[in-house]
Every structure is written in structure tokens, then in C-alpha cells.
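This is what each chain is made of:
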Amino acid sequence: MAAVDTPGIDFPYPGYTNNIVRQLILRFGQSSARLTAEVRFVIRRDGSVDPESIKRVTSSGDYSFDQRALAAVEAAANANAFGPLPPGFREDILPVTFRFSPSLIR
Amino acid sequence: MTRSHLVRWLAAASIIAAGVPAAVRAQDTTFRGIFLGGNYDPLRDKVGIVVLPVAGAFGDSIRTIIQRDFDFSDRFAVIPVDSADPSALRAQGAASGVNYPLFTRLAAKAVVQITPVGNGLHVALHDVARAQVVNVGDFALPAAGLSRDWRMAVHRTSDEIERWVTGQRGIAATRIAYMRGQSIRIIDSDGAEEVTVPTEENGGSPAWNSAGTMLVYTTYGVSSSNVGSHVVLIDLSTGRSRTLVPPGRNTLYLTPIFSPDGNSVVYSREGENGSDLFAVGVGAGDAPRQLTAGRGTVNTNPTMSPDGRRVAFVSGRLGRPELYIMDADGTNLNVLTDYDFSEKNYRSDPDWSPDGRLVAYQERINDRFQIRTIPVRGGTPKQLTSDGENEQPSWAPDARHLVLTSTRSGARQLWVLDTESSRFRQLTKSAGSRLSSWSPRLAQP
Amino acid sequence: MTRTRRIAGLTTAVLSVVAANACHKTPPQQPAPVQAASPPGPNADSIRRAQDEAARRAAEDAARRRAADSAAAAARAAAAAGSVRATLSAAVHFDYDQSELRADDRALLDAKVPILQANASVKIRVAGHTDERGSDEYNLALGQRRAATVKRYLVDHGIADARIETISYGEERPVAQGSDETAYAQNRRAEFEITAGAQTLRAP
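Residue numbers (the working numbering), protein chains in the order written: chain L, 1 to 106; chain D, 1001 to 1445; chain X, 2001 to 2204.
If you're looking for bench data, these hints aren't it; they were derived computationally from the structure. Backbone N, C-alpha and C fix where the C-beta goes; we use that ideal spot for every residue, glycine too. Just to be clear, a hint being listed does not mean it is correct.
Claimed, not checked - To give an idea of the interface, some chain D residues facing chain X are shown, with a C-beta separation under 7 Å as derived from the structure:
no.: 1; residue: Glu1194
no.: 2; residue: Asn1250
no.: 3; residue: Thr1255
no.: 4; residue: Glu1270
no.: 5; residue: Val1282
no.: 6; residue: Val1298
no.: 7; residue: Asp1340
no.: 8; residue: Ser1348
Using the sequences and the accompanying hints, generate a full structural model.
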């Protein structure tokens, strides 16, 4: 589920990260495209997303695929889909880099 | 179910996600966040959770209700522990008293420890990987143990624990209003405590307001005291009701709903000149506004977007029932179900999802109704049912579960469907249950 | 949609060329945006079709009047036999998903007209019903449409509006149990209840 091969910060809240993955994949929708794009964004303590922080990090090479990935993050942000950060997490923000690879999705 | 979840979870944990070229990572030296991606499997990605045995007079009931709430949310794999030997659950000599190594072996990520205090509950949430408590909370309970209000307070506790773990509040503290026989009933989300709502004769089509405090419904036919069809509001806490739209000559009122802001009711009015949607303010004395010009065809079943700006509804204006969307003032009318045009189509009973993305509805397929969802922006509809006849979907506040009427077990019953894992759970046990409406999350009264 | 309206339409059809729909169904109501088709120009075919249509309607109306006359005569005989109430209460039936009246049902309504005309104090309540298929709430609306269609027919034949009340029970009150076409056909009906003047009913 989570790309764990990269050293990110310690965030042992699988329920919270499961929900992030689920909300973004639902909004991206189905696609058989063999493309991958990475988008970065920052979740604040109250669960809102800093709109300035939403950025494409790695392009898929396809403009509309990239736009779709950004739109999925924006839609989830507008819907407050992530919820407040877990109280046990000490930082006030959670930066997330999310990789959209729909051809891998069941 | 738990054993297979365990196997799936262990299998998933041993899978190494696809790597990203090292060159990309090298640029991220300043990134202090997490990397996510891959896929989402609603069955595999449930969080393993344990609820420790609860002491006290109602401890067993509390534990059962909360475990069931976690299970019914479809986001958790509830791991049973053998409560016959409570000492095994306590760590040897550790201050917090929880045997973390044991729970790690059981593949639990979270352990919920509940201690009755006075009339309330003190809850500690343990993170197994970090071997410590990461959350505590205190929850008041009504004095009358096992009462309807008491059960709802326990459900609120479950919902808050779910929010601690996933960031999203649960939906256990909700109820479903529906029709059974000639009455309107309300049942808790876990199927307990069916009560009958004191409504007028021939009352039907109940719908909740966003605060969860009122129902609106209509009556059909004519009552034994010769009163014709009208629209009624009922306050569930006081039981007091008032007529919102009085009977008219040869007029039938149907399918009323509250607007999301609670200020108006949108309903269908079948008059002598046609069937149309109207909106009326809930304050006394507001004049109804006509929203559709159906020109003699049937227009019913309004459902509003969560921002209150648009309305989806059923219209027979093409010669058969299809779904339409318009702005809340009646302008910008467009057909929503414009795929697969055929004389035999029958699409009705739409319900707009609380996250605004989808409309769920029923469609006649091979002579039986099935439930489908369609993205509001247009796109391919998705069929969710195939067993028996399935109708009248109503979304839960999580925009993930639906309650619907199904004949899959023989008689018409209400069933809850998790649209992600396709799990079906029977909600009602008494035959003839139908026309359900899922409440919002119910706040403490 | 009722056949009486077509007498007016008859004249229009003969005098003008019907552009898009030469058939007798009401054109579907299209919501905006509408794809407009360009209307065909006048030609001999259209005029001939209109004339055929007019002739067909005239023949049908003549047949209907004959049926009505014989139904009225039957009504008089039945009334003489003491079944005025039975004629007035007889239900009419409908096709699936439809609220239009079929020919034999119109004859049944034609038989009620003279009874209502002869009994000015009689008031009736028409209740629309449906079979169990279809959506519960849409069926309530459809039942109301059926009752309204029946009422409009009677009012078009001279019965005062205030004497006829309409209600609907949708699929909630079937007369026939069962999930087959026999039961369905019996349940798709409009029923008649005498709500005033029942005691003094007399034959027309």
C-alpha cells in the first residue's frame, strides 16, 4: 500500500495514511493508462490542505494525466477528506508525496 | 473473516512497493514528509484493532457494541482476543499494562482500552508499533444503561476512536428512518432499537434534516377523518409535528426532502395540471415556489447536492422515468442518465452522495431493479447489486455506505452495502421494510 | 392525450402540413439544450398522410360514438335491473406505466356519464392504483395521474369539476396478490367510490 522503500519521516498511523490513499484514488477514478505522476501537498493540523503547497513533483509525460492527478488532490482538499492529523503526531503539518499509478490499482 | 484478513495483511506487509528511480529521491533531501501511493484494497487495508475486555456492569455490552461498530465501518479488522485469560493481555511489569508484543504478533495496529468511570468511559488508544498510548478521551454516558440514548452515546465513542485512528469520524452514531407496514420507523445503524414514529395516518417517504433532529414526510390517499395528502414536519425530540403544506383539492404530495441548510423543503406535488417540484421555506407562511414545468409528466424524488446548489430528480418527460439535474432555482436543466437511450429504461429514486461526487439510483435491468451510481459530472455508471431486486438507495454520511431495500433474502428488507468492499449486511429483521433514509451523524442531545 | 382533443387537431392536421411528428403521440418534452431538426417542406406525401389520419380519426370517433351509444343503452338496461351503483363503481384499468385510457375503458366511463347526469347530488372519489413493479413513490404519482386522467375525461363529458375528487394509493393497496401479469393487470386500475348522494341513486 504505502511506498515504504523511501525514508520518509516516522508516521506510524496506518489508518490515517490508508484514508489518504483511498480518498485520492477514489477521486482520480479508474484508468488503464500505464502512466505515473507524483504530486506533493501539505496537510495542516486541522486536516485542511495548504493550496499553495499542491505541486506536481514528477510528470507522467502526459499533460491531461498530470492535471487529473492535481485535480484529485484539490478535490480531496476541498472536501476536507483527510481529517485532522492524529493527535499523537507532534508536528503541525504533514507533507505528503503521492504517486498516482492507476494501472496498478485493482 | 479475521483469519483470512490476517493472511492478507501479512502478505501485503511483505510486498515491497515499486521503487522510484534513485535520481528523483536524491532531489528530495529537504522533504520531511511521507511517501504514499500504490493501490488501495478495501479488504486488505483494514486496520487491525483490538478492544480489550471492559470491566463493570455493562462492560460486555460496551465492548460488543464498539467492536461491532468498528467491524461495520468496514475500515477495521477487529481482532478477537481470548478474554478468558485477561492476565495474558497485560505486559509483565510494564506500566501501561498492555502486552504489546502479543498484539504485534496478532497483527493489531491499535488497541483500545476502556475503563468505566462513574457514568462515563475513559478511553485510551494504544499504538502497538510505538508501544505507547497516543490518545485519551473521556465520554459521558446517560445514566440508564442499555437504553436507546445510552447505546447512541457508546456509538459516539466508537466514532471518535475511529477519527483518532483514521482522521475520519465513524458513522455508528446514526439512525435510519424507513417505512414498514403503514408506519414510519427509526432503527439504529447497527440494527438495534426499532421504534415507531408517531405520525399521521398513511404517512410515508421520511427524510432527515441535516441536524438529525427532524423528519419531513407526506401522507397519501385520504385519512379516515377525510383529510387529504399533505406535508408534515416532526421534531423527533419532542414528538411535536406541524403541517408544512396543507392538503389541496385533488393534490398528492410526495418525496419531500430538507435542503442541506435546513431552511427549506423541496417536494413533489401531483396536481390536476401536472406533477412538479416545489420548494417552500420551513418558517410559517412561506409561499411555495415551483421549480419544474413538467407539462403533465411525472416529476418526483428530488435530492440535493451537499452545497444546496443543485437538485437531481426523476422525470417521465421523455416517456419513461429518467434522472435529471438542475440548479436549485429550476434553471439549467439537463438529463443525467443520458446513456443507452431505450423505451424500456426506468431510472428512479436518486440520492446525491454527501461528498457531492455521485448519484446513487435504481435502474430496471432484466425486469428487476438494481442499484447503480453515476458521477455527477457524467461518466460511466457503476452497478452495485445483482442479487434479487434492489431499490431506494440512501447514502450514509461517510459517502461510502448505502442503505437499500432488497429482496435478496426473500421478503423486502433493508440492507447496508459497503460500496468499496461490496459487503452486504442485513439491517432489518421484519419483512416489508422499505423507503429508507440515512440520518446525518447524530450529536449529543 | 385524450381522443376528444383530436377533433380540434383534425382541422389543424388537414389545413396545415405537420412538420416533425405526423403521429398521434405527444412529442417528448426535451430539456435544454435541444438539438433542433430542420422541418421538412410541404409536399404531397404529407398532405396525403394528414388526410389519411383525419379519415382514420373520423372512423374511430364514429366507432366510439356507436360503442358509447350501445354502452349507454346497456347502462340503461343495467340500471333498470338495479345495478346503477355497480356501473358507477366499476373500475377502469390501464396498461403498464401508462395513464392513458384504452378504448374499452372509455366505454365504461361513457356508461357512468348518464348516471352522473341523472343524479346531480352524487359525488365520487376516483382512486388511482398501480401494480407492484416500478418505484413506490413514482407509482404513487402514476396513480394520481391515472385518477386525474379519468376525472378529466368525465369533466370533458359535462360532469362538474367539483363533483369528482382524485387520490392515489400507488402500489400500496393491491386487489390481487401475486407476481404475475394476471395480478398486475387487475391492480393497474382506477376505482370509484360514491362519497355523496348514494342513497337516492336512480337510473338515467
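Here's how the hints hold up against the structure:
no.	hint	result
1	Glu1194	violated, 20 Å
2	Asn1250	holds, 4 Å
3	Thr1255	holds, 5 Å
4	Glu1270	holds, 4 Å
5	Val1282	violated, 21 Å
6	Val1298	holds, 5 Å
7	Asp1340	violated, 16 Å
8	Ser1348	holds, 4 Å
Comparing the model with each earlier hint shows violations of hints 1, 5, 7; every other hint is respected.
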